[in-house]
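Please take these sequences and the hints and turn them into a complete structure.
There are 4 protein chains.
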Amino acid sequence: MASQKSSASTTATVVTRAATGAVAPKRERGRSRVAAILEAGAEVFAEKGYGGATMTEIAARSKTAIGSLYRFFPTKEALADALLTRYGDLMTERLAAIEARASGLSPSQLADVLVDFMLDMSADRAIALPLIEVTQEAEEKRAHIRGAIRRGLASILTVLDTGITQAEAEGLAVMLLYLLKAVPQLACNGSEVDEPLIARIRALVSLYLVNELPHAQRLANDAS
Amino acid sequence: MASQKSSASTTATVVTRAATGAVAPKRERGRSRVAAILEAGAEVFAEKGYGGATMTEIAARSKTAIGSLYRFFPTKEALADALLTRYGDLMTERLAAIEARASGLSPSQLADVLVDFMLDMSADRAIALPLIEVTQEAEEKRAHIRGAIRRGLASILTVLDTGITQAEAEGLAVMLLYLLKAVPQLACNGSEVDEPLIARIRALVSLYLVNELPHAQRLANDAS
Amino acid sequence: MASQKSSASTTATVVTRAATGAVAPKRERGRSRVAAILEAGAEVFAEKGYGGATMTEIAARSKTAIGSLYRFFPTKEALADALLTRYGDLMTERLAAIEARASGLSPSQLADVLVDFMLDMSADRAIALPLIEVTQEAEEKRAHIRGAIRRGLASILTVLDTGITQAEAEGLAVMLLYLLKAVPQLACNGSEVDEPLIARIRALVSLYLVNELPHAQRLANDAS
Amino acid sequence: MASQKSSASTTATVVTRAATGAVAPKRERGRSRVAAILEAGAEVFAEKGYGGATMTEIAARSKTAIGSLYRFFPTKEALADALLTRYGDLMTERLAAIEARASGLSPSQLADVLVDFMLDMSADRAIALPLIEVTQEAEEKRAHIRGAIRRGLASILTVLDTGITQAEAEGLAVMLLYLLKAVPQLACNGSEVDEPLIARIRALVSLYLVNELPHAQRLANDAS
DNA sequence: CATGAATGAGATTTCATTCAT
DNA sequence: CATGAATGAAATCTCATTCAT
Chain A
43 MASQKSSAST
53 TATVVTRAAT
63 GAVAPKRERG
73 RSRVAAILEA
83 GAEVFAEKGY
93 GGATMTEIAA
103 RSKTAIGSLY
113 RFFPTKEALA
123 DALLTRYGDL
133 MTERLAAIEA
143 RASGLSPSQL
153 ADVLVDFMLD
163 MSADRAIALP
173 LIEVTQEAEE
183 KRAHIRGAIR
193 RGLASILTVL
203 DTGITQAEAE
213 GLAVMLLYLL
223 KAVPQLACNG
233 SEVDEPLIAR
243 IRALVSLYLV
253 NELPHAQRLA
263 NDAS
Chain B
43 MASQKSSAST
53 TATVVTRAAT
63 GAVAPKRERG
73 RSRVAAILEA
83 GAEVFAEKGY
93 GGATMTEIAA
103 RSKTAIGSLY
113 RFFPTKEALA
123 DALLTRYGDL
133 MTERLAAIEA
143 RASGLSPSQL
153 ADVLVDFMLD
163 MSADRAIALP
173 LIEVTQEAEE
183 KRAHIRGAIR
193 RGLASILTVL
203 DTGITQAEAE
213 GLAVMLLYLL
223 KAVPQLACNG
233 SEVDEPLIAR
243 IRALVSLYLV
253 NELPHAQRLA
263 NDAS
Chain C
43 MASQKSSAST
53 TATVVTRAAT
63 GAVAPKRERG
73 RSRVAAILEA
83 GAEVFAEKGY
93 GGATMTEIAA
103 RSKTAIGSLY
113 RFFPTKEALA
123 DALLTRYGDL
133 MTERLAAIEA
143 RASGLSPSQL
153 ADVLVDFMLD
163 MSADRAIALP
173 LIEVTQEAEE
183 KRAHIRGAIR
193 RGLASILTVL
203 DTGITQAEAE
213 GLAVMLLYLL
223 KAVPQLACNG
233 SEVDEPLIAR
243 IRALVSLYLV
253 NELPHAQRLA
263 NDAS
Chain D
43 MASQKSSAST
53 TATVVTRAAT
63 GAVAPKRERG
73 RSRVAAILEA
83 GAEVFAEKGY
93 GGATMTEIAA
103 RSKTAIGSLY
113 RFFPTKEALA
123 DALLTRYGDL
133 MTERLAAIEA
143 RASGLSPSQL
153 ADVLVDFMLD
163 MSADRAIALP
173 LIEVTQEAEE
183 KRAHIRGAIR
193 RGLASILTVL
203 DTGITQAEAE
213 GLAVMLLYLL
223 KAVPQLACNG
233 SEVDEPLIAR
243 IRALVSLYLV
253 NELPHAQRLA
263 NDAS
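Protein chains in written order, with our numbering: chain A, 43 to 266; chain B, 43 to 266; chain C, 43 to 266; chain D, 43 to 266.
Rather than coming from a laboratory, the hints here were simulated on the basis of the structure. Heads up, a few of these hints could be off.
Stated by the list, open to error - With a cut-off of at most 27 Å between alpha-carbon atoms, the simulated DSSO-like pairs for lysine-lysine come out as follows:
#1 C:Lys223 / D:Lys105
#2 C:Lys118 / D:Lys90
#3 B:Lys90 / A:Lys223
#4 A:Lys183 / B:Lys223
#5 C:Lys223 / D:Lys183
#6 B:Lys223 / A:Lys223
#7 A:Lys90 / B:Lys183
#8 B:Lys105 / A:Lys223
#9 D:Lys223 / C:Lys183
#10 B:Lys223 / A:Lys118
#11 D:Lys90 / C:Lys183
#12 A:Lys90 / B:Lys90
#13 B:Lys183 / A:Lys183
#14 D:Lys90 / C:Lys223
#15 A:Lys118 / C:Lys118
#16 B:Lys90 / A:Lys118
Said to hold, decoys possible - To give an idea of the chain C side of the interface with chain D (calculated C-beta under 10 Å), a few residues:
#17 Thr96
#18 Phe114
#19 Pro116
#20 Val216
#21 Gln227
#22 Ile243
#23 Leu246
Even for Gly, the Cβ is constructed at its ideal location relative to N, Cα and C.
What follows is the structure, given as C-alpha cells:
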C-alpha cells in the first residue's frame, strides 16, 4: 500500500531513539515510514493532546499498520519521546545556525531573525508538543530541552557584542523564549498567517531587546 | 478516552445550567460538593490534560461517589465546559472590577495591577484549562472566552484616558493578554513564586504599555 | 444477568487478595461473582496453561463482563496469583484438619486418608494450577506453598507417634507429596475415577509409609 | 496466542515429515539449524509453556531468522509437534536399549538403571514438553507417546523373568512411569542434582519393584 | 438521592505468519 | 533460499457511563 519510498525524511535521521526502545529501521522504506509516523504523531498529539491521541489514529493517518507502528515505537510514550527529542534537536540545530551568522546583527534585526525562525518552526507541526502533558520522565526531558533552547538563545545574545554576560543573557533568554513562543501560538490561527499580529510581535521583541541589551541603543543607531 | 455506551439517558432531561448539562444543586451540601468537584476537576485536568484525566480520579480527589459526580455533570465534557465557563466568568468579573478602578492609573501602575491580577488567578488552578484539547464546541467556547477577556482588557485600556480608540485597544489587548499569560506559566514552577522573573514580566508589561499607549509618556511623568 | 445470588463460595472467603491488587467485593453479588471467576479461571488455566488462557475466555465462561473481571483482578497475573493463594490456603487448612485426627492412625490408614484427601482436592479444579508457568514472583509463591504443604505433611507424620523427628519427616514429605500428586494426575482421566489405579496408589503410599516410618511395622500390627 | 491471518499458504505444500508439516533439511547447515531450533524451542516451551512461548524468542535464541524458522516449521504447532515426536522417539529408542540388556538384572539394579535413564533424559530439556497444553491433535500424540513408553517399560519388566504377564506388567508400568517422572521434576532444582533425593527415589522405585514383581524376592536374593 | 458495582466500546499492545527484498 | 519488515487478528486492559441497591 502506497509507495512513498524515497523522498521525505531529511530530518528523521536526527531522531535519537536509543534508550527509548524505538527501533531503527534498516531499509529505506522503513525510514520514510518512520518519518510519516512522526509527522502524523505530531499532528494528532497537537490536535488531541497526549491523552486524547490514539495510536490507532496515528497509524491510520500515517497509513501504517498498527503493528508496524509498534515495531518502531513500542509505546505511545516512546513515540511522544521521539517527537520531543526531534523537536529539541531541531531547535538546537537551528539556533546554532542562527548564532553562526548573528554577530553583526542589530537588536531589531535579530528580533526579525528570531521571529522568522519561529515562523519556520511553526510550519513544523511538532511545536505543539511542548504543551503535552506526560509522564515524569518526559517532563524531565522537556525541562532539558527548554534549558538547551534557553542556552542557545543566550549564546546568540552574547555574540551580539553588547557587553552582556552569559548569566545576564540567560536571564533575558527566559523572557525572550516566552515572547517567541507567541509566534506559533498567535500567528497560526487556522492555516494563514496573521501578518499584522506578526508585525506586533516583531515590534515587541525588538523593543524588548533594544531595551534590555546594554549598548543596544548605540548598536541600533549604528545599524540604522 | 472515547464515548461509550451513550444512549441519551432519561435523567439528562432534568439538566439545566445553559446547554452545558450541569445540574444546579439546590441544597447547601450540593453546592459545596459541586465546588469540590470543580476544584478537583481543575486540578486533574491541569495535571493530566483533558484526555488523560479520568472521571474516577476526579471523583476520588473530590471525595465524591462517581454516581454523584455524574448527577451534577452528566458528561466529562460537561465538567470541562463548566470549568471553562467558571474561568470565563471569573476573568470577566475581575477585569470589570479592575476597569472600575483603573481610570487614574499610570501605565506602569496598570502593569502592576494586571500582573498581580494574573498572580491571583494562577492561584486558581483552572487556568491550566485554556490549554486543553477538547471538542469542536468547546473550542468555540474558548474562543468566546478569549474574546471576552480581550474586550475586557481593551476596555481597561480605553478608560486610561490615553486617547486610544477601542479598535486600537483591542489590537493591543491581544499581545497584552499573551504577555500576561506568562505570569502563571513562568511564575509558578512548583509551588513558590519566582520573584525575579515576576519583576522581569512587570517591567516588560510596563515597557509595552508605555511604548504603545499614545500620551503614555506624559501620563507616566504625571504619575511619577 | 443470571442471579446466582446467595449459595456457592464458602471457600472464596479465604482468598487473600491484599497485596495482589485485587479488589474485595462489598456486596453479596460481588462475592459470588468472584467465586465464579475463580472457578472459570481454574478451569481455563488448567486446560490451556497460563499463557494459553485468555482473560476474555475466563470472562465469558464465568458470564462476567470483561470490565468486571478486571475490577476484581486487575491483571491476568493477579488472577493466577489469587488462584494459587486459594489453593495454598485450601491445602494448608485441610492438612491441618487431617493432622487433628491423625494421632491414632496406622500408616496404611493414613495412606488411605491422604489419598482420599487428594481425591477430594482434585474435585477442586484448582489443582491444575501447580503446573502453570508464570512470572518470577509467582514461582516464589509456589515454592512457598509447596513448603507449607510439605511442612503440613511432615507434621502429620510426627503426630503418628512413630518416633520420627521433624527433620526426617520433612525428608519423607517431599517424596510423599510427590506420590500424592499422582492422585489427581493419574486418577482423573476424563471425568470418572480409575478405581484400580487408585487402589495401586493406595498400596504404594501405604508401602512407602510402612517401610519408611520407624516402628511402623509394630504400629501396623497393632492396628490390624 | 491464537491463529492469525491463516490462509493455507502455497509453501505449505512442500512440507513433508509425517503430517507434522516440518521440512526435512537436505544440507548439513540445515540440519544443525533445525537442531538449534529444536533445542531453543524445547528451552522456551519449558520455560514459558506453549502459550507463553513466542516464535520470535525461539528464533532469537537459536540465532535463526524468523523467516528461516518458518521454513523448517511452518507453524508453532508444527514445532511443538516435532519436539514431541523427537521426545517420543528418543524415549522409545532408549527404552529398547535398556530392554536389550535388562534380562539378568535384579529389581533393584533395574531401579537404578531406570533412574539413571531418567537423569540422562532430564539433561534433555525436552522433557518439560509433556506438561504443556496444546491442541486436541497434540493431546492424542501425547497419549500415543505415553502409551509407547508404557509398553516399553512393560516389555522391560517381562524380560526380567519374574513370571509376570504382559498385562500385569502394563499395569505396573503406569505407576512406575509416574514414579520415574519424579526424577527430572524433583532432582533438577536449578542446575545441580539433589543427590539425597535421588537416593530416596532409587529406594522407592526399588521397593516398588521388589514388592510388586512375583519371584522378586528370590531374584533379589539371587542377585545379592 | 447517594452509592459504587457492573458494563462494554474502544485503546494499547503482542505475535503468528507472510512476503518483498 | 535467507532475511527481517510488515501485517492485522486477537489479547490485555481502561474508563465513561449506567443502574440496581
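- Hint numbers not upheld by this structure, sorted from lowest to highest: 1, 8, 10, 13, 18, 19
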